[in-house]
Amino acid sequence: MSQPEPAAGDFAVADPRWQIRIRGLHKTFGPQHVLRGLDLDLERGKINIVIGGSGQGKSVLMKHLMGLLKPDAGNIYVDGLDIVPLSDVEMAKLRRKFGMVFQYAALFDSQNVVENIAFPLIERYNLSRDEIMTRVRELLKRLDLDRVDGIEQKFPAELSGGQRKRVGLARALIDRPEILLYDEPTTGLDPVATKNVDEMILRTSHDFGVTSVVISHDMASTFRIGDRVSMLYEGRILVTGPADDVLRAPDAPVREFVEMAGLAVPPKGASA
2 MSQPEPAAGD
12 FAVADPRWQI
22 RIRGLHKTFG
32 PQHVLRGLDL
42 DLERGKINIV
52 IGGSGQGKSV
62 LMKHLMGLLK
72 PDAGNIYVDG
82 LDIVPLSDVE
92 MAKLRRKFGM
102 VFQYAALFDS
112 QNVVENIAFP
122 LIERYNLSRD
132 EIMTRVRELL
142 KRLDLDRVDG
152 IEQKFPAELS
162 GGQRKRVGLA
172 RALIDRPEIL
182 LYDEPTTGLD
192 PVATKNVDEM
202 ILRTSHDFGV
212 TSVVISHDMA
222 STFRIGDRVS
232 MLYEGRILVT
242 GPADDVLRAP
252 DAPVREFVEM
262 AGLAVPPKGA
272 SA
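Basically the numbering used here = 1-based index in the sequence shown + 1.
Hints should not be assumed to be uniformly reliable.
In silico DSS-like links for lysine-lysine, alpha-carbon gap of 30 angstroms or less [to be verified]:
1. LYS59 with LYS196
2. LYS94 with LYS71
3. LYS94 with LYS59
4. LYS155 with LYS98
5. LYS196 with LYS98
6. LYS59 with LYS47
7. LYS142 with LYS71
8. LYS71 with LYS59
9. LYS142 with LYS94
10. LYS64 with LYS47
11. LYS47 with LYS94
12. LYS98 with LYS71
13. LYS64 with LYS94
14. LYS98 with LYS64
DEER-style ranges, computed between Cβ atoms [what the hints assert, rightly or not]:
15. THR135 with PRO86: 31 to 39 angstroms
16. HIS34 with LEU95: 24 to 32 angstroms
17. PRO243 with ALA93: 29 to 37 angstroms
18. ARG37 with THR135: 44 to 52 angstroms
19. SER55 with THR135: 40 to 48 angstroms
20. VAL193 with GLY25: 24 to 32 angstroms
21. ARG37 with PRO86: 19 to 27 angstroms
22. TYR126 with GLU159: 23 to 31 angstroms
23. ALA221 with TYR126: 34 to 42 angstroms
Don't read these hints as lab results, they were simulated from the structure. For glycine and all other residues, C-beta sits at the position ideal for the given N, C-alpha and C.
I would like the entire structure built from these sequences, with the hints used as guidance.
Encoded structure:
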């Protein structure tokens, strides 16, 4: 399983299984060759986690998915459409398929909860205040934030860490995306908060039916929630597949990474 699963059919046609398909992605910054012919398939409606150590290119990959960086070579297909040659205007339209959950929620300190969540709608559409409030309150309820007294008028400084995470998630969901990107969602959190974020990702995947792409180095979290796991190593995907298969992968870098995280690794040749 040292390579991604074989391609099936024409990349220029939306695939019923794979929502995002990446082939031959290269990116350099001066002398640094960060992505080296990366191939990766991300499964529709599943939690896809990309793991790897610091400096392996996880954030660079994320920026390519959002169209914030252009590769030196390669293709990124989203529902059969190669996004690499798109213009800025075309990419802005396609980006509405994506929601982004930032590492520390990245809320605007000077805006209250309603204003933070509604921001994408205000920026992109000419909706009435009633339409916006209906959408915001629907998400507050679905994410259990409506139980917090006075939540709509609270500012980020008045929220707990978990509440900020959920407000950030609500903002990512407000435009009804098909794909949610999570950037290191458990970084800096204690075990209880990490468990809560894991449950939030699982529940969001189930309740909203989105394709989740999680960039992470948190191995314990990865194997609790991941449907598919891919390891980025030296600019390429070293292994990819169901989470249990990756945990048992014989590749030395995978085993070292898992062992350093304190997870039990079955011996080579052990059956699942």
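Q.
Tell me the numbers of any earlier hints that the structure contravenes, in ascending order.
A. 7 and 20
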